[in-house]
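Asker: Each chain is listed here by its residues.
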Amino acid sequence: MNAIIFSAGWGIIMMFCSFLVKNQSSYRHIAAVGLLVLLAANIFDTYGVDFFHIDSGKMLAYTRFGFVFNSIAIASTLIYVLLTGRDIERLGRYTAEFFTLVFFVLCGVCLLSAYNNLLMLFLGIEILTIPLYILTGSDKRNLKSNEAALKYFLMGSFSTGLMLMGIALMYGGTGTFLLESSRLQSNLYHGISFLEIVGLLFLLASMCFKVSAAPFHFWTPDVYDGAPSVVTSFMATIVKVAGFIAFLKLCTVRMSVTSTAIDWKLIFSIIIILTLLFGNITAIFQQSVKRMLAYSSISQAGFMLFALFSMNEYASKGLLMYSVAYCLATIGLFAVLVKMKDVTFEGYNGLAKTQPVLAATNAIFLFSLAGIPLTAGFLAKYYMLASIIKTGTYTWVVVAGVLFAAISVYYYFRVIQAMYFKNGEPQMESFGRSFKLGLVVLAAIIIIVGAFPQALFNWLYF
Amino acid sequence: MNSFVYLLDTVVTGNSADYVPIGIQIIFAAGFVATVMIATHLLGPKRKTAEKLENFASGIESHGNARQPLAIKYFLVAILFVLFDVEVIFFYPYAVNFKSLGWYGFIEVLLFVCFFLTGFIYIIKKGALKWED
Amino acid sequence: MPIQYYIILAAALFCIGVTGVLIRRNAIIIFMCVELMLNSVNLLLVAFSKMHYAISSANNKGTAAITTGTDAQLFVFFIMVVAAAEVSVGLAIIVMMYRNVHSTDVNFLNRLKN
Chain W
1 MNAIIFSAGW GIIMMFCSFL VKNQSSYRHI AAVGLLVLLA ANIFDTYGVD FFHIDSGKML
61 AYTRFGFVFN SIAIASTLIY VLLTGRDIER LGRYTAEFFT LVFFVLCGVC LLSAYNNLLM
121 LFLGIEILTI PLYILTGSDK RNLKSNEAAL KYFLMGSFST GLMLMGIALM YGGTGTFLLE
181 SSRLQSNLYH GISFLEIVGL LFLLASMCFK VSAAPFHFWT PDVYDGAPSV VTSFMATIVK
241 VAGFIAFLKL CTVRMSVTST AIDWKLIFSI IIILTLLFGN ITAIFQQSVK RMLAYSSISQ
301 AGFMLFALFS MNEYASKGLL MYSVAYCLAT IGLFAVLVKM KDVTFEGYNG LAKTQPVLAA
361 TNAIFLFSLA GIPLTAGFLA KYYMLASIIK TGTYTWVVVA GVLFAAISVY YYFRVIQAMY
421 FKNGEPQMES FGRSFKLGLV VLAAIIIIVG AFPQALFNWL YF
Chain R
463 MNSFVYLLDT VVTGNSADYV PIGIQIIFAA GFVATVMIAT HLLGPKRKTA EKLENFASGI
523 ESHGNARQPL AIKYFLVAIL FVLFDVEVIF FYPYAVNFKS LGWYGFIEVL LFVCFFLTGF
583 IYIIKKGALK WED
Chain X
596 MPIQYYIILA AALFCIGVTG VLIRRNAIII FMCVELMLNS VNLLLVAFSK MHYAISSANN
656 KGTAAITTGT DAQLFVFFIM VVAAAEVSVG LAIIVMMYRN VHSTDVNFLN RLKN
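In order, the protein sequences belong to chains W, R and X.
Just so we're aligned: 261 in my numbering is position 261 of the first sequence, and the numbers increase by one with no gaps anywhere.
So the mapping is simple: my numbering equals the position in the second sequence, first residue as 1, plus 462.
So the mapping is simple: my numbering equals the position in the third sequence, first residue as 1, plus 595.
Source of the hints: derived by calculation from the structure; they are not laboratory data.
From the three backbone atoms N, C-alpha and C, an ideal C-beta is built for every residue, glycine too.
Be aware that one or more of the hints could be misleading.
[Stated by the list, open to error] SDA-like cross-link-like pairs, simulated, lysine to any residue; straight-line CA separation at most 20 Å:
#: 1; chain 1: W; residue 1: K436; chain 2: W; residue 2: A363
#: 2; chain 1: R; residue 1: K588; chain 2: W; residue 2: V441
#: 3; chain 1: R; residue 1: K535; chain 2: X; residue 2: A680
#: 4; chain 1: W; residue 1: K140; chain 2: X; residue 2: T665
#: 5; chain 1: W; residue 1: K436; chain 2: W; residue 2: F19
#: 6; chain 1: W; residue 1: K144; chain 2: X; residue 2: F673
#: 7; chain 1: W; residue 1: K140; chain 2: X; residue 2: S698
#: 8; chain 1: W; residue 1: K140; chain 2: X; residue 2: V696
#: 9; chain 1: R; residue 1: K592; chain 2: W; residue 2: F19
#: 10; chain 1: W; residue 1: K58; chain 2: X; residue 2: T665
#: 11; chain 1: R; residue 1: K587; chain 2: R; residue 2: I551
#: 12; chain 1: W; residue 1: K22; chain 2: R; residue 2: I551
#: 13; chain 1: W; residue 1: K58; chain 2: X; residue 2: Y693
#: 14; chain 1: R; residue 1: K535; chain 2: W; residue 2: K436
#: 15; chain 1: R; residue 1: K561; chain 2: R; residue 2: I551
#: 16; chain 1: W; residue 1: K140; chain 2: X; residue 2: K645
#: 17; chain 1: R; residue 1: K588; chain 2: W; residue 2: I79
#: 18; chain 1: W; residue 1: K140; chain 2: R; residue 2: F537
#: 19; chain 1: W; residue 1: K144; chain 2: X; residue 2: Y693
#: 20; chain 1: R; residue 1: K535; chain 2: X; residue 2: L686
#: 21; chain 1: R; residue 1: K588; chain 2: W; residue 2: A363
#: 22; chain 1: R; residue 1: K535; chain 2: X; residue 2: K645
#: 23; chain 1: W; residue 1: K140; chain 2: X; residue 2: R619
#: 24; chain 1: R; residue 1: K588; chain 2: W; residue 2: L119
#: 25; chain 1: R; residue 1: K592; chain 2: W; residue 2: S18
#: 26; chain 1: R; residue 1: K535; chain 2: X; residue 2: F673
#: 27; chain 1: X; residue 1: K645; chain 2: W; residue 2: R141
#: 28; chain 1: W; residue 1: K22; chain 2: W; residue 2: L91
#: 29; chain 1: R; residue 1: K587; chain 2: W; residue 2: A363
[Said to hold, decoys possible] What follows is a list of derived Cβ distance ranges for each label pair:
#: 30; chain 1: R; residue 1: V544; chain 2: X; residue 2: A606; range: 24 to 30 Å
#: 31; chain 1: W; residue 1: R90; chain 2: X; residue 2: T665; range: 35 to 41 Å
#: 32; chain 1: X; residue 1: T665; chain 2: R; residue 2: K588; range: 25 to 31 Å
#: 33; chain 1: W; residue 1: K58; chain 2: R; residue 2: A533; range: 25 to 31 Å
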């Protein structure tokens, strides 16, 4: 509860700062302080210190997994604000409102990690996406940004409609919105009703929309490409992973109950293969690094879907690991990308000569995304593949996953090739020494988590 | 759900005679509109002048094209109206349970109104409701 | 009236909405179709709410808890409010788009295809 209330409250504080505080550059510091407070409040909550005793009537259920994920999301946002705060200020006059919306999105993330009622799932998803529509269109004069916002909005509200239909049908079938359904105790609604299955299929489609899994991924490249780079960085990482956390909970509770009636594993394996195929094959042909990262986010979503397929302990651990590896690496890559004047592969030519620190940290981020050993990304992929092997069925999905991971190395290494083995003069915005330091710390975290995964997992138990 | 579940407490006979009043009403409504329209056409005198053919706008002379661009503040006020208008919906369940919720419910609603008010103060401070430039 | 009628009506409205979203080219009309989808869900939820009340009272010899099914009616309120929030954001985006391209046709949305 702490994190939910603090994030909403600090969002309102930021909102009022927009006319109470005149100094543009202080917003970023206020936001950073707010995120630190939020992180502290969430850690207090993890160890049982709840500042607000609010009876949510079983609508919210707190788990250690959810708290740890909240902490990861808040910490990633903190790193994001520290690294790209200056670039957010360049976006326009409404810096304080930008941070307000970031806090509101975090409120949605915290709801999604703790929901136990389909109403809360719906509200969480909406609190998450409505600020994002605004953030996507925040570059008002830029036609590409406008277009991305309109596209995202139309697609997003359509998928919300699908989700609501699914929830309504599930309610018709079971008579409750609670996730951990009470119908097992009551003898009224024994058995699985047809309505519930149809409702779950609707929900599956809309959640695939939200996390951009094939065949509902078509909006992703356009929106990620059109949105301002600082927004894409946030949208492709924290928000997407939060969607997966919500999806995992839905799967483990409701879909596992109905698995006798419908073969979810088959459906998920098809979605995984399609997502990996579309994401990887189209990423190869991109000329712009930003668009390549958009497609690569689809293919990474394919790997995160493995967790929904297997739904065991390895899966939840793997998803946690993936959220760390994927969020941090992508935030780092985008932090460098927004400093570049030219975001095509040619723009990166010769970066290693002029900016060796940036090139080296970028290389580590790319290694992590590609899943090279000793980085967090490797362990994340390892856990995902292991989780499927544990289930003992559909081993061909594992083979396909390894194959596509090998393909992904090609387009990630194109950036490294451009940075190290080509000559050129990359044009960049100015940046300070603290920016470099931030990138080095980020790269260090990725390697430390990759080398000592227990540092992360111990948090789940102690 | 094999058993038929009836939602309204009326006795349902399944007899098509139940729909006769509705049919009569539809026929009457359509007939009334048709009669009045035909009657006015036949009875009314027709004197067409340029002034009479003008659009009637509460006696104010209309000028220009209706599709000219409007100032953005109209949209802004309309959008804000939609937001604040619909939020009032939460007062309905409160009004129904006004007595049983007691002071606890009153404080909750007060909190809700406070959140509302913060939003309202924000839009006023931002000058969203300022009409004169 | 049997519950099936309500389900069929809601499904029909929902399908009209989905079809409209898929085939219309005007952003405002697409948006209206989305609203139609949401409202069909509202209708369905209220119908299910009454249905569960009826089932519960039939199973308990005519006496069901008075709160049975009210959660769905509350859900409807939330859908309405969230839809209003979406409307305000969506209309703002459409107005912003219109100011830049002087059209609400979604066929203009092709700058990102490259």
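Asker: Kindly indicate which numbered hints from before are broken by the structure, ordering the numbers from low to high.
Answerer: 2, 4, 5, 6, 11, 12, 13, 14, 16, 17, 21, 22, 23, 24, 26, 27, 29, 31, 32, 33
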